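S.K.: Those protein sequence lines, which keep their order, are chains A and B.
Position 7, counted from 1, in the first sequence is what numbering that gives the first Met the number 0 calls 6; the numbers after and before it change by one each time, with no gaps.
Position 422, counted from 1, in the second sequence is what numbering that gives the first Met the number 0 calls 421; the numbers after and before it change by one each time, with no gaps.
FYI, nobody ran anything at the bench for these hints, they're computed from the structure.
Quick caveat, the model's predicted, so the values are computed rather than measured.
Keep in mind that the hints are not guaranteed to be accurate.
[Claimed, not checked] Computed beta-carbon distance windows for the label pairs:
id, chain 1, residue 1, chain 2, residue 2, range
1, B, Y45, A, A61, 22 to 32 Å
2, B, S197, A, Q43, 33 to 43 Å
3, A, A61, B, K63, 12 to 22 Å
4, B, R131, A, A61, 15 to 25 Å
Even glycine gets a Cβ: it sits at the ideal position worked out from N, Cα and C.
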Amino acid sequence: MAVKDTPMDNQRLELDIRGQICPSTLLTALRTIAMHREPLRSGQQVLAIRTDNRDATATIPAAARNMGYHVEVEKEDGAYLILIGGEASLPSGCWP
Amino acid sequence: MTSQHGTMELSVEERGLEFESLRAELAALRRENVRLEQQQKKEIRYIREKVDQLLQTIGTCPLKSEELDDEHLIALDPIGIVSETFSQILDHLRYTNHQLGQARDEIAAIFHAAAAGILVLDPSRQILSYNRKLQEFFLIAGQDALGCQCSEAICGRQEKMSECVFEKVIASGHGEHRSDILFGDRHYDVVGMPITGSDGILSQIVLVYNDITEQKASEAALRTALAEARDARGKLDAILHSVSDPLIVVDAHHRVVLVNRAAEDLLGICLHQPLGRALRKAMAEPLLAGTALLSGAADRLEFALLDQGRERFFQARTSSLREGNEGVAGTVILLHEVTREREVERMKSEFVSTAAHELQTPLTAIIGFAELLLSDDPLPAEVRRESLQFVHQKAERLSLLVDDLLDVGSLEAGRELELTLDVADINLLLRRVIRSFDLHSSRHQFELNLPEEPLYVRIDHRRIAKVLENIIGNAIKYSPAGGLIQISGGLEGGNYEVAITDQGIGMSAEQRERVFERFYRGDASDTSLGGTGLGMSIARHNIEAHGGRIWVESRQGEGSRVHFQLPLG
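Looking at chain A on its own, in the form it has when it is part of the complex:
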């Protein structure tokens, strides 16, 4: 488990939790979110979590969204990349 600022992009926090399973992945992710609450909330930073645990792609985004963060999940190199940062936008609707 390691949290580091990416040299290429100091706005992005990398958290590699491959090999861990739930719920410790969730606790690790939540602890990192708590540590960087303000910059993540404002969107100044984005937390990029790499995990190979499929359950984590459900639990971490759900918890982060409940906390009001914008979350995206991508698949990258056989693992999952969960990107957390910025305010979640309110749902919008349109004429069907």
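Fit chain B to the given chain A structure using the hints.
M.R.: Chain B in isolation, oriented as in the chain A frame:
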């Protein structure tokens, strides 16, 4: 007991007692350790239970000991993490609630401020809410329709079930729209939208009513206005096309906005082609006229156009186009063709000099012979007689010329020719006229083809004789010496028809067409032929004054045939 180093040595008994004491102390420590271990396990179990409980609340699976051992569990501080998470979730919920509250207020404001009537129903048609506009549209003041059935409170059984938007939404499960539904005397567009709960089941239906009565009235008025505009345009076009003179209308920027058919034909442009273009670009030829007129340098200007090799003269006149109180909106240009007037002016000018010449020639002869007769020299009787005959002949010629001038004077003044009608034998009249020519023109042969028996008609024999003299005179004038001149007469239907045929130079199409025009001379440049250009015009007026008609058949180089008919009645 004391050791050799002075220390007191313990006895066996004492050592045994000390050992026992230590063992008891160790046992107590062991017990304490066990108790502490149990206490720690209990606390860790408590922590795990609480963490699992919190994780369950978050929505994830319990914490497994093999995944996170006790030592790391304590170090990770999961309760602290989860507490912080809950804190953030609560903050977010507060923020979301605030946003929802604002959204609710916004929706309430929109709901009541909307220009459309909004009605919210449950699936059993019970009214859950409605806005002020809906109250205004369908309910009486103070009426509370909450909880009522929409079919009774709103439709009052007016709406046909086939048009019921609520039914359509229930059936389709999605948004529906119906145009122009009539409630009383008002027309509405109605939109229906379903609202489904988190379970996917339809929970409410929102109906929105837009009153389109005024819109429909406006559309009808617009259609009427359009029809009236088309009608007005049609009338304007009809008026424009009925104006025989070319007419062009330009706007304040001198762009062509209207031309009529005559302008189109004259200028060789398509009716719609020049619209919107600058006058100077749309029409090259009347550029000078247009520019001078539009610039205000003149309100009337004359110019010439070359039309199929023929010069045509036009007089352009302008008048300002005004729209209400907005000042000059454009200019109307009317092109009036004055080619004929210019031609008549030219012919009149020629006539004056020709007439002077025609008068001068016999007068000179008369004066000459009169001087001869008045001289003191005795003249032989034959010479005196011939001189007097010349004087008489030339005086008659002058008399005829003066008659023509008097007739032209009457016609120019718009008066009809005055006829002195008598019953006369037309055949005899023809013979007398022809005999007089036969006597005087030995160069030509005359062939007469007339009925033997007399035919009495009511005519002004002096005028008809003059017509005959004019036509035969022309036949002689324009025929080569020795040429045959045929005169025939006879009944044709209810008329007496005369035809005079010569083998002269004939006429071109234009000459044939214009031969009866006043002052027109076929070849004005040849003064040796004489003539005022009045004879044929007066002939036509004389024949028409008798109720007859006169016409010419002729081809250039092939001679001419002049016909006239006089009614027998």
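S.K.: May I ask which of the numbered hints given earlier this structure violates, with the numbers listed in increasing order?
M.R.: Of the numbered hints, just 4 does not hold.
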